[in-house]
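Kindly produce the complete structure, drawing on both the sequences and the hints.
There are 2 protein chains.
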Amino acid sequence: MNIHLVIKALANPTRVAILNGLKNPAAHFPPQDEGDIAVDGVCVSSIQEGIGLSQSTTSSYLELLQRAGLVKVTRRGRWTYYKRDEDGISQFAEAVKQQL
Amino acid sequence: MNIHLVIKALANPTRVAILNGLKNPAAHFPPQDEGDIAVDGVCVSSIQEGIGLSQSTTSSYLELLQRAGLVKVTRRGRWTYYKRDEDGISQFAEAVKQQL
DNA sequence: TCTACATATCGGAATATCTAGATTTGTCAA
DNA sequence: TTGACAAATCTAGATATTCCGATATGTAGA
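In order, the protein sequences belong to chains Y and G.
Here the first sequence stands for residues 1422 to 1521, where the numbers follow the numbering used here.
Here the second sequence stands for residues 1422 to 1521, where the numbers follow the numbering used here.
In short, the hints are calculated from the structure, not lab data.
Since no wrong hints were added, every one of them can be taken at face value.
Because identical chains cannot be distinguished in the list, a pair is counted as satisfied if it fits within a single copy or across any two copies.
Simulated crosslink set (PhoX-like; lysine-lysine; CA at most 25 Å straight-line): (1) K1493 x K1504; (2) K1493 x K1444; (3) K1429 x K1518; (4) K1504 x K1444; (5) K1444 x K1518; (6) K1444 x K1429; (7) K1518 x K1493.
Bear in mind the structure is a predicted one, so any value in this text is a computation, not a measurement.
Pasting the structure below:
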């Protein structure tokens, strides 16, 4: 849990919007061809479309959120699915409460 | 409580170090000529010396922390004293826990 | 193998942040 | 009212972030 890495990831409103959208994926992102949005997570292109960013930016933002421990990734075939990492998020919230 | 403003303020390790140093000012900053360090807070020049920044940077970082609601300011004569705003800090910790 | 498609990586322009030195402002005391 | 000092503001160069388009990589099916 690198708290500084997490804070930098959260310092961008678009990345926070992605994290927020993933609370209720079906409501925020268009349906995807394969993979259950609730079980597997949301694929990059669906997040891209929902959030309105370029494909490259979407991909790197998601990697950044993942390195910060805020989302979890599952790769299957051509698709990469992202979902919130609730454990990581709680750990961060706790670290803020304890250390700040 | 502008959560984005707070996160941006915390996105800089030096500002976090200031906030952290203010938990125990007497241990982290040199004594000041006037004003009780525990009651009034710590003056800008003492923080500057303790943290090792230029005067101008110290002053603007403190203003930024104050606008974010993380520190409180008291001006008396030539001196400006800063201390942690524990209410603001708790509010932020709670907002992270609830909203993130 | 060839093609199509999802994602990742690269390169770069625009913008923001960091931080210092120089200058200005405000306050006190002589 | 002048001098000294604390803090704030201004200016600017170095570095980091934002975000895109172009290209590369990996996988599945024909």
